[in-house]
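There are 2 protein chains.
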Amino acid sequence: MTTAERRNAPITSFTPPDRILMGPGPSQVHPRVTAASARPTIGHLDPEFVRMMDELKELLRQAFRTRNDVTFPLPGPGSMGMEACFVNLVEPGDTVVVCRNGAFGGRMKENVERAGGKAVLVDDDWGKPVDVAKVEAALKSAGTVKALAFVHAETSTGALSDAAALCALAKKYGTLSIVDAVTSLGGVPVEVDGWGADAVYSGTQKCLSCPPGLSPVTFSEAALAAVAKRKTPVQSWLLDLNLILSYWRGTGGARSYHHTAPVNALYSLHESLVMLFEEGLENSWARHRRLHDKLVVGLKGIGLELLVEPAHRLPQLNTVKVPAGIDEGKVRRVLLDRYGIEIGAGLGALAGKVWRIGLMGQSCSERHVTLCVTALGEAIKS
Amino acid sequence: MTTAERRNAPITSFTPPDRILMGPGPSQVHPRVTAASARPTIGHLDPEFVRMMDELKELLRQAFRTRNDVTFPLPGPGSMGMEACFVNLVEPGDTVVVCRNGAFGGRMKENVERAGGKAVLVDDDWGKPVDVAKVEAALKSAGTVKALAFVHAETSTGALSDAAALCALAKKYGTLSIVDAVTSLGGVPVEVDGWGADAVYSGTQKCLSCPPGLSPVTFSEAALAAVAKRKTPVQSWLLDLNLILSYWRGTGGARSYHHTAPVNALYSLHESLVMLFEEGLENSWARHRRLHDKLVVGLKGIGLELLVEPAHRLPQLNTVKVPAGIDEGKVRRVLLDRYGIEIGAGLGALAGKVWRIGLMGQSCSERHVTLCVTALGEAIKS
Numbered sequence: 002m003t004t005a006e007r008r009n010a011p012i013t014s015f016t017p018p019d020r021i022l023m024g025p026g027p028s029q030v031h032p033r034v035t036a037a038s039a040r041p042t043i044g045h046l047d048p049e050f051v052r053m054m055d056e057l058k059e060l061l062r063q064a065f066r067t068r069n070d071v072t073f074p075l076p077g078p079g080s081m082g083m084e085a086c087f088v089n090l091v092e093p094g095d096t097v098v099v100c101r102n103g104a105f106g107g108r109m110k111e112n113v114e115r116a117g118g119k120a121v122l123v124d125d126d127w128g129k130p131v132d133v134a135k136v137e138a139a140l141k142s143a144g145t146v147k148a149l150a151f152v153h154a155e156t157s158t159g160a161l162s163d164a165a166a167l168c169a170l171a172k173k174y175g176t177l178s179i180v181d182a183v184t185s186l187g188g189v190p191v192e193v194d195g196w197g198a199d200a201v202y203s204g205t206q207k208c209l210s211c212p213p214g215l216s217p218v219t220f221s222e223a224a225l226a227a228v229a230k231r232k233t234p235v236q237s238w239l240l241d242l243n244l245i246l247s248y249w250r251g252t253g254g255a256r257s258y259h260h261t262a263p264v265n266a267l268y269s270l271h272e273s274l275v276m277l278f279e280e281g282l283e284n285s286w287a288r289h290r291r292l293h294d295k296l297v298v299g300l301k302g303i304g305l306e307l308l309v310e311p312a313h314r315l316p317q318l319n320t321v322k323v324p325a326g327i328d329e330g331k332v333r334r335v336l337l338d339r340y341g342i343e344i345g346a347g348l349g350a351l352a353g354k355v356w357r358i359g360l361m362g363q364s365c366s367e368r369h370v371t372l373c374v375t376a377l378g379e380a381i382k383s
Numbered sequence: 002m003t004t005a006e007r008r009n010a011p012i013t014s015f016t017p018p019d020r021i022l023m024g025p026g027p028s029q030v031h032p033r034v035t036a037a038s039a040r041p042t043i044g045h046l047d048p049e050f051v052r053m054m055d056e057l058k059e060l061l062r063q064a065f066r067t068r069n070d071v072t073f074p075l076p077g078p079g080s081m082g083m084e085a086c087f088v089n090l091v092e093p094g095d096t097v098v099v100c101r102n103g104a105f106g107g108r109m110k111e112n113v114e115r116a117g118g119k120a121v122l123v124d125d126d127w128g129k130p131v132d133v134a135k136v137e138a139a140l141k142s143a144g145t146v147k148a149l150a151f152v153h154a155e156t157s158t159g160a161l162s163d164a165a166a167l168c169a170l171a172k173k174y175g176t177l178s179i180v181d182a183v184t185s186l187g188g189v190p191v192e193v194d195g196w197g198a199d200a201v202y203s204g205t206q207k208c209l210s211c212p213p214g215l216s217p218v219t220f221s222e223a224a225l226a227a228v229a230k231r232k233t234p235v236q237s238w239l240l241d242l243n244l245i246l247s248y249w250r251g252t253g254g255a256r257s258y259h260h261t262a263p264v265n266a267l268y269s270l271h272e273s274l275v276m277l278f279e280e281g282l283e284n285s286w287a288r289h290r291r292l293h294d295k296l297v298v299g300l301k302g303i304g305l306e307l308l309v310e311p312a313h314r315l316p317q318l319n320t321v322k323v324p325a326g327i328d329e330g331k332v333r334r335v336l337l338d339r340y341g342i343e344i345g346a347g348l349g350a351l352a353g354k355v356w357r358i359g360l361m362g363q364s365c366s367e368r369h370v371t372l373c374v375t376a377l378g379e380a381i382k383s
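Residue numbers (the working numbering), protein chains in the order written: chain A, 2 to 383; chain B, 2 to 383.
In isolation and in its complexed conformation, chain A is listed as follows (with noise of 0.2 Å):
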């Protein structure tokens, strides 16, 4: 069909390519997990659904590695679970140190300003991790400091920053910590208890391998005592943890409606974790590390290197080096079409200089990598 006869043409069903997804996010997606969201749809307060809701938080405690009760999935995109955690707990006036280190912590800064706070930066290079000497000093210099926030697994780098040691800093200096897991969550340790995290938002499109679409969150006492001490409402309805929480956190019949739930979204998420604790935490954790030193190896042999400093290396998402003289996107769509293998272009600051190789998830296999890597010396030299 030329373009104008496709114009014209009634629409008809959408069937997807076959493609393997190896770039930022979303990973590939395990057959058992997309059959759970074509399960029948019901009631979002039906008593079989409620019992789903309260097996979900108890995955998602288990994956998030806490047990907070406050502990779901947000009906929406990553961007929701960071648009939560800052309206809820942020107030106009209210200082938050941000750490940016890519284009994760670039948003905050704006999550910040646009619920009326005025954001301290602390910024370290595109591939390095968040400097926490820096973080301290900032902390010390800020006056009352409200929220730390940084973003654990930067997707648009590929460092990995010290969770441990910047939520340990929050404490030390009395302020809440706000944790950006999108991309760590199932890949590399999370561990929002040991941390001592305050406020924690994730995604569900990549280590975890299900459709993107929700945003699990988990919020710790000291942070639910700040919402509710609130002097302003919060600005966002839609994102108000009282009102969000009626529906999640209520018991059987005291449980109301706030918004519908996206239903089979929250099967498939369901089915995930399932098979996220039939692998095991730790397992998928090595999984991922595993393989990721097998993909350094690989790429080493097509003359590719890495971006980020191998300490701080996520093993999930890994930022290779354009080679002098070779286009990019070209390279990609040679991948695509010849392969139907997905893989990323630079975000930002990286537009152009480098390639971004997920292995989040399903994606992260033995066959995908020896795949993948194959692939992308043959397409950089054709």
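A couple of the hints might just be wrong.
Under the rule of at most 25 Å between Cα atoms (straight-line distance), these lysine to aspartate or glutamate pairs were calculated in the DMTMM-like manner [said to hold, decoys possible]:
1. 232/B / 111/A
2. 230/A / 114/B
3. 230/A / 111/B
4. 230/B / 114/A
5. 141/A / 92/A
6. 331/B / 49/A
7. 331/A / 47/B
8. 331/A / 55/B
9. 119/B / 114/A
10. 119/B / 49/A
Under 8 Å between C-beta atoms, here's a sample of chain B residues computed to sit facing chain A [stated by the list, open to error]:
11. 27
12. 38
13. 40
14. 62
15. 108
16. 243
17. 246
18. 260
19. 261
20. 262
21. 266
22. 271
One side only, chain A facing chain B, incomplete, derived with CB under 10 Å [to be verified]:
23. 16
24. 19
25. 27
26. 29
27. 133
28. 190
29. 234
30. 238
31. 261
32. 271
33. 279
34. 282
35. 335
36. 340
37. 346
In short, the hints are calculated from the structure, not lab data. Idealized CB from N, CA, C, for every residue including glycine.
With chain A fixed as given, assemble chain B onto it according to the hints.
Just chain B, lined up with the frame of chain A:
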């Protein structure tokens, strides 16, 4: 299993019970639509996915009866669509006339106030349509008004308001119109261009018969001009139209990343819209009207009356008065346990006083109406 045994057992895959959904939403989902959500996840920037997004926008334009360029599904529940309209159009200090004749008008007031605006309320009894004359009086006396906001189809009461007249009033008084079409889209005429409506939001889990979790929205050029002229940034990063449109409006390579689209949920919406146009939009409206009439006759036969006057009844959402001496919750439990039929309880002011029977989308069929009436009659007797 006892509760204690269940608590200690590992959590396994969830299998939903077999239900017939005749509440206020979600409605029954056709197997074609759930099957669509089980198709393989692909990247949210994949060229084939981008082509599907373009089709989705066109399908939604046809459903909303508009040529608005900015017509797309937001990645969250209907309340996200509501919030997106208010936070983009309302600036601190703006006055908004809000029509409140049910629960969702009350939410609109909350949204206006949390965006820093002043809500001038036009109240009507629950179960009545919005009184157009009272709205005109409010517009005359309220000074400069940024927007007139109303609910076309009140899901909490089953009343249909005169959207054409209300949008015409907005035009006459030089103000924007914000229309809640969550329950109306697909079930009764929604004529965005015919009305001259400026910002309209809907949901997927009502007459589109798609799982919950997306909120189709459409914005007129006048609405977009108002967003462009804002003096203050939109308070929500996630819902800032300027940012979202860089992803949904961009063409091909110019499309930039904002959030990760809920890929599989969008497959479902695409399929449900394809099915809607296979039937024909007018045919869908006629089916809802015809089977509503059948339901009313059936309910009369078992001695039940509707809350709303015939002229203002929503065919797809029927509020049925609970007869004196009947425990409405018990009746719903009998329906659910014996028949697997879900009908809805009353909300807010109508709690305990009505049932809400939804005939939305796939729930609106001869067999469902007949079964529901017979089962309800038996449940009341027992």
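Here is how each hint holds up against the structure:
1. 232/B / 111/A: holds, 17 Å
2. 230/A / 114/B: The hint holds at about 20 Å.
3. 230/A / 111/B: Roughly 20 Å between the alpha carbons, so the hint for residue 230/A and residue 111/B holds.
4. 230/B / 114/A: Holds: residue 230/B and residue 114/A sit about 20 Å apart, inside 25 Å.
5. 141/A / 92/A: holds, 21 Å
6. 331/B / 49/A: holds, 17 Å
7. 331/A / 47/B: holds, 14 Å
8. 331/A / 55/B: holds, 24 Å
9. 119/B / 114/A: holds, 23 Å
10. 119/B / 49/A: Not satisfied, since the Cα-Cα distance of roughly 41 Å exceeds 25 Å.
11. 27: holds, 5 Å
12. 38: Holds: closest Cβ of chain A sits about 5 Å from residue 38/B, inside 8 Å.
13. 40: holds, 5 Å
14. 62: Since the shortest Cβ distance to chain A is 11 Å, the answer is violated.
15. 108: holds, 7 Å
16. 243: Result: violated, 12 Å to nearest chain A Cβ.
17. 246: violated, 15 Å
18. 260: Since chain A brings a Cβ to about 4 Å from residue 260/B, closer than 8 Å, the hint holds.
19. 261: holds, 4 Å
20. 262: Hint holds; residue 262/B Cβ to chain A Cβ min 7 Å, cut 8 Å.
21. 266: holds, 5 Å
22. 271: holds, 5 Å
23. 16: With Cβ-Cβ at 7 Å, under 10 Å, it holds.
24. 19: holds, 7 Å
25. 27: holds, 5 Å
26. 29: holds, 8 Å
27. 133: Result: violated, 27 Å to nearest chain B Cβ.
28. 190: With a closest approach of 21 Å, the residue 190/A hint is violated.
29. 234: With Cβ-Cβ at 6 Å, under 10 Å, it holds.
30. 238: holds, 5 Å
31. 261: Holds. Min distance 4 Å.
32. 271: holds, 5 Å
33. 279: holds, 9 Å
34. 282: violated, 13 Å
35. 335: Interface hint status for residue 335/A: violated (14 Å vs cutoff 10 Å).
36. 340: violated, 14 Å
37. 346: Where the cut-off is 10 Å and the nearest Cβ of chain B is about 9 Å from residue 346/A, the hint holds.
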